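Peer 1: Listed below, chain by chain, are the residues.
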Amino acid sequence: VRSVVTLAVAMIVFGTLACGAGPSAEMNAGGRPAATRSAIRVTGSDTMVNLVQSWAERYRSVRPDVAVQIAGGGTGVGITALVEGLADIAAASREMTDDERERVAHGRSGPLEFTVALDALAVYVDRTNPLDAIALEDLAEIYGDGGRIERWSQLAIANGGCPSDRIIRVGRQNSSGTYAYFREAVLGHRREYKLGSIDQSGSKDVVALVSNTPCAIGYSGMAYATPDVKVLRIARIKGTSGVAPTAASAADGCYPIARRLYLYTRGRPTDDVQQFIEWIRGPAGQAIVGEIGFVPVASSETESP
Amino acid sequence: MNAASGRRAHILRRVAALRELAVESSIRVCGWSAIVFVFAILAFVFYQAVPALDVGRVREFFTSAAWRPDSVIRPQFGGLALLAGTAAVTVLAMALSVPAGFAAALFISEFCDRRTREVLKVVIELLAAIPSVVWGFVGYVVLNPLMMWATDAPIGINVLNGALILALMSVPIVVSVGEDALKAVPDSYREAALALGASRAQLAVRVVVPAARNGLLAAALLGVGRAIGETIAVLMVTGHAVQIPHSLFDPVRTLTATIAAELGETAQGSTHYHALFAIGSLLVLISVAINVAADLAVRGIREGDRT
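Line order of the protein sequences matches chains C and E. 1 is the number of the first residue of the first sequence in the numbering used here; add one for each residue after it. 1 is the number of the first residue of the second sequence in the numbering used here; add one for each residue after it.
The set of hints was computed from the structure by calculation and includes no laboratory data. Wrong hints could be hidden among the right ones.
[Claimed, not checked] Partner residues aside, some chain E positions facing chain C, computed with beta carbon under 7 Å:
| id | residue |
| --- | --- |
| 1 | Glu24 |
| 2 | Asp70 |
| 3 | Asp152 |
| 4 | Ala261 |
[Stated by the list, open to error] Label pairs and their in silico Cβ distance ranges:
| id | chain 1 | residue 1 | chain 2 | residue 2 | range |
| --- | --- | --- | --- | --- | --- |
| 5 | C | Arg268 | E | Phe37 | 58 to 68 Å |
| 6 | E | Val123 | C | Asp228 | 30 to 40 Å |
| 7 | E | Leu285 | C | Arg63 | 31 to 41 Å |
| 8 | C | Glu57 | E | Thr151 | 53 to 63 Å |
| 9 | C | Thr226 | E | Ala43 | 47 to 57 Å |
| 10 | C | His189 | E | Ala43 | 35 to 45 Å |
[Unchecked claim] Stretches of chain C that chain E covers, calculated by requiring three or more beta carbons in the stretch to come under 8 Å of a beta carbon on chain E:
| id | segment |
| --- | --- |
| 11 | 233 to 240 |
| 12 | 276 to 286 |
All figures in this text were calculated on a predicted structure; none of them were measured in a lab. All C-beta atoms in this analysis are idealised placements derived from N, C-alpha and C, irrespective of residue type, glycine included.
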């Protein structure tokens, strides 16, 4: 009983906090004296946490009076927080669904979308794995519902570090934008994931688990690559050599699983939020995108809203 | 003069009576609030579960293993894999911790000297004080690579890892409750057995254990309750994979871990949100059943003493 009770108490406490935070935050945005520090709350995509963190740190020297508070949890968490008024900006590693747009718009103006970076989704294996490239259709047979590939030998390789020969699929929790995007890009609109994958709650966790597990394959943002894992080349057509995820191949569309990263606000943002987003899309913010390992967006593309 | 002091004494008595009343009623409120909170929380959890419960969905939960609550294609709420995950990890953990816990309790209560007993009890209480996230960490960082190295298991976060960690976590409960049960056996039993020429081993196995069997059963059930309710450690060490396990080395996902991992992201009021509360209600019912069973078992012991 105890854990359930604790959970329920936690939920009641959170609920109270949520109720308390909503109105006061709005008041803050409206009638704030110029001297006090204002806060911008960014919640969402785990892929983007490091990126938003760096933006926030650098932005402190631009606008010392603005504090940026960051929380991860996944794109779904961020959008839920935006709906409930717990965040000013939702960071999203996929586009909002129509359903989510409706929820955000409920009773107020709908979401505004800002493209802030490009990301290539890398497919990782242990560095002892002899595999160098994989075709999209093989990936779909590994991850997709009803897919036939269960063993490394089916990819015509001998994975010596993995005596059981079984492919351990590592993926993300279903709240993750990475999870949703990978399904769309690799499995298509109508196919589910195969059940039984190891679902991690963070982008980093996927790479960490793959780096310790010779039998594993996993997908995560390319910015999370470490020397302990191997990044596979991805081939659109089976038998071709494939393309490695790089800034160039992501930007020109050669790499098949590259996506945009977004920030969303609920209706027209406040001046502080607006300035923060403009700074992010400007040269200073986009330079940080490159430093973290993502791909900056061309200035023409950032005009999307 | 006399009248004035009489009035003062009267006022003082009134004040004392009022203070008495205030203290008494505040204690009463504190006492009742514990009960009110428990029932309010239960009512909240059950109330939130109701919208998810229709005949079709409940049937799906108990007949399908496909848990895809957020699918944009077709949401599925099959709970068999989660139930199997919880059952596999819990049963295996109990198979490990109950015999070990009983043996430890028997040793502490019947065989060791007083100094050893004191040391062992402190150490076991220390074991119970380790936070569950630390156990999870140990399972992830130590047991996971160890298991891959020692066996051909493709991955070390699986049923066996979860069961080992849960067994370590529930052993302290089994030992301390079990030891209390053994200690509750009247010394007259022991004296009678020794007077009849029983050895210490015979005394322990033939006399003390049968006399304490209800208490030992309660100890095992409380261990089960601990194991089923544990969340964060199993979330970290079972692999969090939705599938019905076919071997000890398959990763699984438990009911508790599912709630912990998914509740934060669901839209309030969605079917997924209410389905997680329904899982919570199921866990409450399982825990209540276990606690009632343990209570009945302990009551059995007392009645046994009277006869």
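Peer 1: Could you run down the list of hints and mark each one as holding or not?
Peer 2: These are the hints, each one checked on the structure:
1. With a cut of 7 Å, the hint placing Glu24 of chain E at the interface with chain C is violated, because the nearest CB-to-CB distance is about 28 Å.
2. For Asp70 of chain E, the suggested interface contact is upheld, since its CB lies about 4 Å from the closest CB of chain C, less than 7 Å.
3. Using the Cβ-Cβ criterion of 7 Å, the hint placing Asp152 of chain E at the interface with chain C is satisfied: the shortest such distance is roughly 4 Å.
4. Restraint check, Ala261 of chain E versus chain C: the minimum CB separation of about 6 Å is within 7 Å; hint holds.
5. Under the hint 58 to 68 Å, the C-beta atoms of Arg268 of chain C and Phe37 of chain E, about 43 Å apart, miss the expected range.
6. At roughly 38 Å, the beta-carbon separation of Val123 of chain E and Asp228 of chain C lies within the given 30 to 40 Å, and the hint holds.
7. A C-beta distance of roughly 53 Å is found between Leu285 of chain E and Arg63 of chain C, which places it outside the suggested range of 31 to 41 Å.
8. A hinted range of 53 to 63 Å for the beta carbons of Glu57 of chain C and Thr151 of chain E is inconsistent with their spacing of about 45 Å.
9. Evaluation of the 47 to 57 Å hint for Thr226 of chain C and Ala43 of chain E yields a pass: the beta carbon distance comes to about 48 Å.
10. Distance hint check: the CB atoms of His189 of chain C and Ala43 of chain E are about 42 Å apart, consistent with the given range 35 to 45 Å.
11. Only residues whose beta carbon comes within less than 8 Å of a beta carbon in chain E count, and the segment 233 to 240 of chain C has 0; fewer than three means the coverage is violated.
12. Residues of the segment 276 to 286 of chain C with a Cβ under 8 Å from some Cβ of chain E number 0, which does not satisfy the need for three, so the listed coverage is violated.
The structure fails to meet hints 1, 5, 7, 8, 11 and 12 from the earlier list, while all remaining hints are met.
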